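Engineer: Under my numbering, read the sequence shown as residues 2 to 76, first letter to last.
Hints listed in this document are in silico derivations from the structure and should not be mistaken for laboratory results.
You may find that some hints are simply not true.
Beta-carbon label-pair distances, calculated as ranges [said to hold, decoys possible]:
1. W24 - E74: 16 to 24 Å
2. E57 - T35: 27 to 35 Å
3. W24 - Q76: 16 to 24 Å
4. E57 - R33: 17 to 25 Å
5. E67 - V32: 15 to 23 Å
6. E67 - R3: 14 to 22 Å
7. W72 - G22: 16 to 24 Å
8. P55 - T35: 15 to 23 Å
9. T35 - A56: 29 to 37 Å
Remember, predicted model here, so these are calculated numbers, not experimental data.
Idealized CB from N, CA, C, for every residue including glycine.
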Amino acid sequence: MRNLLVFAERDDAEEVAETLGEWLGEVPRVVRETLAGEDDAEDAQWVVVVEDLPAELAGKVDALAEEHDGWRESQ
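Using the sequences plus the hints, can you model the full thing?
Structural biologist: What follows is the structure in structure tokens.
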């Protein structure tokens, strides 16, 4: 399952990706994503893409995202 951690700021996304790299052994990728219906590139979100997040880390990852004003979405 793919998990997306969504942030408004690039610095937050990169910091979270680095922390997840320590936890998971591999730094997940950070991408910029324009949300559907957004006309302004300034409104694009920064997304950390995590493949196959271990279930036991889900709560810890949610807390980390919230600390950086973000959230997690599962796909």
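Engineer: Are the hints correct? Go through all of them and say.
Structural biologist: These are the hints, each one checked on the structure:
no. : hint                  : result
1   : W24 - E74: 16 to 24 Å : holds (19 Å)
2   : E57 - T35: 27 to 35 Å : holds (33 Å)
3   : W24 - Q76: 16 to 24 Å : holds (20 Å)
4   : E57 - R33: 17 to 25 Å : violated (30 Å)
5   : E67 - V32: 15 to 23 Å : holds (20 Å)
6   : E67 - R3: 14 to 22 Å  : holds (20 Å)
7   : W72 - G22: 16 to 24 Å : holds (20 Å)
8   : P55 - T35: 15 to 23 Å : violated (30 Å)
9   : T35 - A56: 29 to 37 Å : holds (30 Å)
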